[in-house]
Amino acid sequence: MFPVTLSGVRFQPNGRTVLDGVDLELHDEGITLVMGPNGAGKSVLLRTLCGLIEPSAGSLKWAGGARPEQGVMMVFQHPMMIRASVLENASLGLKPLGVSGAERRRRAAEILERVALADRAQESARHLSGGEQQRLALARAWLTRPRLLLLDEPTAALDPSATAEVERIIREIRTDGTRIVMTTHNLGQATRLGDDVIFMSAGRVREHTPVQRFFARPASEEARLFIQGELPWRMPL
Amino acid sequence: MSFTATFAEAFALIVSLDARVAEIVLLSIQVSGTAVVLGTFIGLPLGAMLAIGRWPGQQVGTVLVNALMGAPAVVIGVIVYLLLSRSGPFGHFGLLFSPTAMVIAQTVLVIPLMAAIARQVVEDAWQRYAEELRVMRFSWWHSLTTLLYDCRHSLLVAVLAGLGRAMSEVGAVMIVGGNIDGVTRVMTTAIALETSKGDLPLAIALGLVLISVILILNTIAHLMRAWAMKRYG
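Chains U and R, in that order, are what the protein sequence lines are.
Going by the numbering used here, the first sequence opens with residue 117, and the numbers climb by one from there.
Going by the numbering used here, the second sequence opens with residue 13, and the numbers climb by one from there.
Some clues are possibly wrong.
[As the list claims (entries may be wrong)] To give a feel for the contact side, a few chain U residues facing chain R, derived at Cβ under 7 Å:
(1) 118
(2) 169
(3) 190
(4) 198
(5) 199
(6) 209
(7) 211
(8) 242
(9) 243
[Stated by the list, open to error] Some chain R residues near chain U, calculated using beta-carbon distances under 10 Å:
(10) 19
(11) 21
(12) 23
(13) 137
(14) 140
(15) 144
(16) 145
(17) 146
(18) 148
(19) 157
(20) 159
(21) 162
(22) 163
(23) 209
(24) 240
(25) 244
These are calculated hints, taken from the structure and not from any lab test.
For glycine and all other residues, C-beta sits at the position ideal for the given N, C-alpha and C.
So here's chain U without its partners, still in its complex pose (with noise of 0.2 Å):
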């Protein structure tokens, strides 16, 4: 499954450039945070890796040969909380693999214990707090076993406690053998999680480098001027 590459991939719906010519390569260890200004494309590149979103031109290869139909998961930034116990929604993933009911169930009940939500276990999913319900989706996908797991801005929104949490949970995810990409616009969530940052801007990567460099010494204008708060993409009308 691993590398997975992209090479020169665009996406360009009704003739607007949302990627723009994207080169990037993915080992099988680690967190990596995609960061960025508002429309460079984060979360479509995300969309991109899911298959959700098939490119306009380019091409994106997994080790192995074609995109493994299932192993990759996404947790969007507001997940889907179908009107049903906290139990139901975490084992829902498991609904397509063929587990039987009592076995998706038990499952279910597991991963709640290590998400801290086995005593709301019956409670409805959608009276959960935002930090919560980012917790359950985290442990929905979790419970599939996933080697790639995609995260779209999962602590947006949340308080600093909640925050904590859901980036416990993260690690645990990651010790637990899974590929995380996230996209963030937590500076000191990046520091904290990742091993390696994606830049990008306008749609295109600018840079790919580990955390720590990426934060020392910025390899672009761009970068740099991010990291400093400021906004150079925000033109003047």
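Mind docking chain R on chain U? Use the hints.
This is chain R only, laid out in the frame that chain U set:
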């Protein structure tokens, strides 16, 4: 007979559990209840099928379902009559002028309505969930069952609409049932007949029961939905 006296007699028929009234009410509930159960098992999955994915004939199906939603009951009645009559393709079953024929006609009547409502409800959910279901590699069938399950409380509206249409229609059951006393006479056909005969107390008694049944079922459904929304969000 005065207006007040007519209503007083109608109430007396209900309170005394008049055998004729009870028989007609029970048959109505059996026929319409069965039609709605069948309509639920056919119409809701059909609506969900039209809502998700893309397949040949989907657009045509959607237009057809929407158009048939408002089809006059008498037209449905005539079509089912032709199908079940001795010279029709299903004539050898001998179903015409039986409660089964009435169930068939009402089922045909409620399916488009229930499917159209289900399509709208499920399509809204599909637009929200499609990406995640695709990420989880949900098959078309798994997506359909999951969405129907998620929307189950909202789909009560479709079931209620079907029940309302089945119980209140008169044209289809009159044509395929024949309004035979003690065999195929239901509330709506009895009301029409008794009114034409001038037996207004019985017609009003049946009308009051009909409205009460629909009101009670709607109240139960409303309470169930309110409970479910509170429980599951």
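Legend entry - Given hint residue 209(R) near chain U, where the shortest CB pair must fall under 10 Å: violated (50 Å)
Inset, instruction - Answer holds if the nearest beta-carbon of chain U is closer than 10 Å to that of residue 140(R); otherwise answer violated. - result: With Cβ-Cβ at 7 Å, under 10 Å, it holds.
Inset, instruction - With chain U as the partner, please determine if residue 146(R) meets the hint condition of a C-beta pair closer than 10 Å. - result: At 6 Å from the nearest chain U Cβ, residue 146(R) passes the 10 Å test, so the hint holds.
Legend entry - Proposed interface contact between residue 162(R) and chain U, which counts if any beta carbon pair is under 10 Å: holds (4 Å)
Legend entry - When the least beta-carbon distance from residue 21(R) to chain U is tested against 10 Å, hint result: With Cβ-Cβ at 48 Å, over 10 Å, it is violated.
Legend entry - Hint validity - residue 163(R) Cβ closer than 10 Å to any chain U Cβ: For residue 163(R), the interface hint holds, since the closest Cβ of chain U sits about 8 Å away, which is under 10 Å.
Legend entry - Status of the hint placing residue 244(R) at chain U (closest C-beta pair under 10 Å): holds (4 Å)
Inset, instruction - Answer holds if the nearest beta-carbon of chain R is closer than 7 Å to that of residue 209(U); otherwise answer violated. - result: holds (5 Å)
Legend entry - Satisfaction of the residue 169(U) interface hint, Cβ to chain R closer than 7 Å: violated (10 Å)
Legend entry - Restraint check, 10 Å cut-off on beta carbons, for residue 19(R) near chain U: violated (44 Å)
Legend entry - chain U contact restraint for residue 137(R) - C-beta distance below 10 Å: holds (9 Å)
Inset, instruction - Return the status of the interface hint for residue 159(R): holds when the least beta-carbon distance to chain U is below 10 Å, violated otherwise. - result: Holds, because the Cβ-Cβ distance from residue 159(R) to chain U comes to roughly 9 Å (cut-off 10 Å).
Hints 1, 2, 10, 11, 12, 23 from the earlier list are contradicted by this structure; the remaining hints agree with it.
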